[in-house]
Amino acid sequence: MPDTLTPDSEVIATPSAPPAETRAMRLRNFWFDYRQSWVAMVALTVIGVLLVGSFGAPYLVPQDPYDLANLDWMDAFLPPGSVGSGEYTHLLGTDNAGRDMLSAILYGLRTSFMIGISAGVLALAVGITVGLTAAYFGGRIEALLMRIVDLQLSMPAILLALVMVAMLGQGVPQIVFALVVAQYAYFARTTHGAASVERRKDYIEAARSTPLPTWRIMFRHLLPNVLPPLIVVATVQVASAISLEATLSFLGVGLPLTEPSLGSLISNGFKYIHAGRYWLSIYPGVFLMITVVAINLVGDQVRTVIDPRNSR
Amino acid sequence: MFGYLVGRLSQAVVVVFVMSVIVFVGVYAIGNPIDVMIDPGATAEIRENLIRKYGLDQPLWRQYFTFVGNVFQGDLGNSMVYNIPVTSLVFSRLPATIELVMVSVTIAAVIGIPAGLYAGYRPNSLGAKLIMALSVLGFSVPTFWIGMLLIMAFAVELGWLPSGGRGEVAEFLWFKTSLATTNGWSHVIMPAINLSLFKMGLLIRLTRAGMVEAMGAEYVRFARAQGLADRQIVFSHILRNISIPVITVFGLELGSTLAFAVVTETVFNWPGVGKLIIDSILQLDRPVMVSYLVMVVILFVAINLIVDLIYARLDPRVRLKGGS
Amino acid sequence: MNAALDVQGLTTRFATRGDAVTAVNDVSFTVQKGRILGLVGESGSGKSVTGFSIMGLIDAPGEVAAGKVMVDGQDLRALSDEDMRKMRGNRVAMVFQDPMMTLNPVLRVGDQMAMAVRVHRKMSKAAALKEAQRALETVGIPSPEERLRAYPHQLSGGMRQRVAIAMALLHRPSVIIADEATTALDVSIQGQILAEVRDLADQTGAAIVWITHDLGVVSSLADDICVMYAGRIVERGTAQQVIDHPRHPYTQGLLDSIPALHEPGKHLPQIPGSTPQLSRLPQGCPFRPRCPRATEICATVPPADTKDGQTVLCHHPLE
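These protein sequence lines map, in sequence, to chains P, E and U. Throughout, this note's numbering is defined as the position within the first sequence, counted from one, plus 165. Throughout, this note's numbering is defined as the position within the second sequence, counted from one, plus 532. Throughout, this note's numbering is defined as the position within the third sequence, counted from one, plus 5.
The hints are simulated quantities; they were obtained by calculation from the structure and are not laboratory data. Note that CB positions come from ideal geometry on N, CA and C, so glycine has one too. Careful: at least some of the hints might be erroneous.
[To be verified] Which residues of chain E face chain U? A few of them, derived with a C-beta cut under 7 Å, are: (1) Thr-638; (2) Gly-699; (3) Glu-700; (4) Tyr-751; (5) Arg-756; (6) Ala-757; (7) Leu-760; (8) His-769; (9) Arg-772.
[As the list claims (entries may be wrong)] Computed far set for chain U versus chain E, every beta-carbon distance over 12 Å: (10) Asp-64; (11) Pro-104; (12) Thr-143; (13) Ile-198; (14) Gly-258; (15) Gly-289.
[Stated by the list, open to error] Here are a few chain E residues that sit away from chain P, every Cβ distance over 10 Å (derived from the structure): (16) Val-559; (17) Leu-582; (18) Ser-695.
Based on the sequences and whatever the hints tell you, model everything.
Right, dumping it as structure tokens:
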């Protein structure tokens, strides 16, 4: 039998490892995959427009709905498209105090965004800290922290938020605090889940055997690896914070109408639906719905893109 | 099994105790209910008397133990607003909420599970995509807003259904329910649908995910290799498998349905427990708040326990151990 | 007389992004009653897809594009979906690789087996369970009654694979396809099961297609061997021919890299390179880039060369 194979192991070709991905490449790939869904692209555009519209509201809309001097009782309950005493068209009509609905909605949307985003970011920070601490230290600390988190997760967020607001009273900081208390548990659970998997991997063990301080290992080594699932949770939680806040305001325990969010606008308009003045509640509701659905759609697509099972 | 139950029950007792302390302290921190109750012009003497009557002059820990002692005698205190025992107040409202929750959970299951199964069985069909789009709407659009739309469409514009309140009740077997009258159904159907949407969206997602995963599983391929028809595979093999997560989550969500009833009951002016708690928060009716919250905690702990037991019954791989 | 299984020109394609990949390319082989054919290849060579194509279990985006699958003289590809379903598990049965995954974890073994019995034969569940018990006895499972009441996770891996084999035997099929059926098991249990399979083929007269990546396994088990590479059968002959006198350089390479057949203490040779991606096959002979005997002519499609019934697809077959 002829020796047909080269005996030299040096010649054996091993499948070459893919070149290490740079952060920029990963970002570009992510963007490429994200663009595959036109629905998600529309959703992202919508969010962009709403953000610009709401935060740019002071420069865009004809009226500052907070300034009582601008309000005229004569303009109350004007249907959409009417021209009021301000000599401009109220595209979406006016409310019971003569506020231009479009202006009120954009200002309200700004409040909703601010509450949703700050609650989301704070809950993320608290959740990451709790989750990482539990996963890193293990043992009693882990058992205790995660028990609390599980207990909270088994309770509906709306109930927790309701109780918190009931205790703290009305106002933006109180609402944000209540939302953080109600929502941090989702982040803590996600972080803990992903981090406990990572913790058992060799590189963390290796880092632990070096004199690096604990917090450094936690944040520099563990955190980057648990971040992707957290991004998804964060987008969805911002939407859910916005809708929770709206619900609380609707129930009358959220923000007062002098500081309107979308929820308080809808709540105010709800009183007038039987009188056929639909625009007071329908339009802020439509904006709320579009915002929340768009954020969820973006979150869905991000989930799909970063899910390792969907690669290729 | 017995050891497991004892372990879980003692855990539950600790949880209920801790939560009741938190709730009690938390609720105590909310303003002084006396100010809400009495006429601002009342004399200081009347005020003092009332404070003493409700035990508000006592230190907090003593108030708590008085409260716990009374609870063990079945006395949750009197409502400060209605001036009747909290127990009878809550129990008078409970049937309405249970009716609403039962109807909505049934709607969610009857529509959500088959829809999810279909969406998972033919994930690329147009029907499946439509179902998924609706499920996203179902649990991302706020409940109260959908409720409002329903009222606007079916009560204000079309005038088909009443916009709120509970209908006539009639005797059915040994209890009174509005589900025994046509008028009752016309009242319950809209809020029930409203309350069911979130759960329905969740169920659709859950069954779909389970179905998609199962369809790709080896045991399904093996079952097909044995010549089993798809229908039989779905009903004999897959349904059993996905019933485990579905029942678990569904059970856990039963509690949250009660919580969401707070919103739906407010929108539809439904005289249930949810409306009661909102009113008591707005009116600072402390005994009602504390009792309601403690009852909710007990309910959640109980639901968790029951779901664990069902889970162990359904999945032969899970064997219950004592302790955690 | 018809062969139990006669596969002619079987071709299976998968549509991927943009283009189609041919996973099984013009595959033909015959298995007589009571004989065992070893279908050997690396992962990705198309051997498992061949098995699923015979069973009619290729799902979109895959599709059996051409060829005939004759079982006892009947072409399976000409059957309607419903008639094909009635053939599965009945005339042609399949055993899968992973015994942990092929049984439904939440159903009792007996229930799963009874279901498999009753899908092709009308009988009471009690009678079906009796039938299942008999099948378990056939594959040498002790106290089968107890096993029927067990859940899959209560059985060992070897036991589970025996259950799967018993399920394949339930309806005395003409053809059994075993896809890496012993790969996940310990070597000692693997040996036992292989011996039992050999007996079963002799006793029941079933034609068995034994799919594996392990030439060592089939060398002792199979009557005939087909070696697959990149979707094609590159060498076919009796087991003795292929093991003792391989003619394709690829087969030679596979044999050289079996440790047991190799002189101890010496460097164990390997085939250089790795299995090619089906979407990026080189022109001509797909083994060309890894082949020590390759010349320029190998860039053209290799001819079939038959000697004493041993066929090889190669420009430079070994003599």
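We went through each hint and held it up to the structure:
The interface hint given for Thr-638(E) is violated, since its Cβ lies 25 Å from the closest Cβ of chain U, which is over the 7 Å cut-off. The criterion of a C-beta within 7 Å of any C-beta in chain U is not met by Gly-699(E), whose closest approach is roughly 43 Å, and the hint is violated. A distance limit of 7 Å between C-beta atoms decides the matter here; for Glu-700(E) the minimum to chain U is near 46 Å, and the interface restraint is violated. Annotation: Tyr-751(E) was flagged as interfacial toward chain U, and the flag holds, the nearest CB pair being 4 Å apart, inside 7 Å.
For Arg-756(E), the interface hint holds, since its Cβ comes within 7 Å of a Cβ in chain U; the closest pair sits about 6 Å apart. Because the smallest distance between the Cβ of Ala-757(E) and any Cβ of chain U comes to about 4 Å, under 7 Å, the interface hint for this residue holds. With 7 Å as the threshold, the beta carbon of Leu-760(E) comes within range of chain U, its nearest partner Cβ sitting at about 5 Å, so the hint holds. About 5 Å separates the beta-carbon of His-769(E) from the nearest beta-carbon of chain U, less than 7 Å, and the hint is met.
Interface hint status for Arg-772(E): upheld, as the beta-carbon distance to the closest one in chain U is roughly 5 Å, under 7 Å. Once the 12 Å rule is applied to beta carbons, Asp-64(U) is inconsistent with being away from chain E; the minimum gap is 9 Å. Taking the minimum C-beta to C-beta distance to chain E, about 10 Å, the non-interface status of Pro-104(U) is violated against the 12 Å cut. Non-interface status of Thr-143(U) relative to chain E is upheld: no Cβ of that chain comes within 12 Å, the nearest being about 17 Å off.
Against chain E, the non-interface label of Ile-198(U) holds: every CB pair exceeds 12 Å, the least being about 17 Å. Its beta-carbon lying about 31 Å from the closest one in chain E, Gly-258(U) satisfies the requirement of being farther than 12 Å from that chain. At roughly 35 Å from the closest C-beta of chain E, the C-beta of Gly-289(U) stays outside 12 Å, upholding its exclusion from the interface. Not every CB of chain P is more than 10 Å from the CB of Val-559(E) (nearest about 7 Å), against its label as outside the interface.
Under the 10 Å C-beta cut-off, the non-interface status given to Leu-582(E) relative to chain P holds; the minimum distance is some 22 Å. With a closest Cβ-Cβ approach of about 7 Å to chain P, Ser-695(E) is found to fall inside the 10 Å limit, against its non-interface label.
Violated hints, in rising order: 1, 2, 3, 10, 11, 16, 18; the structure is consistent with all others.
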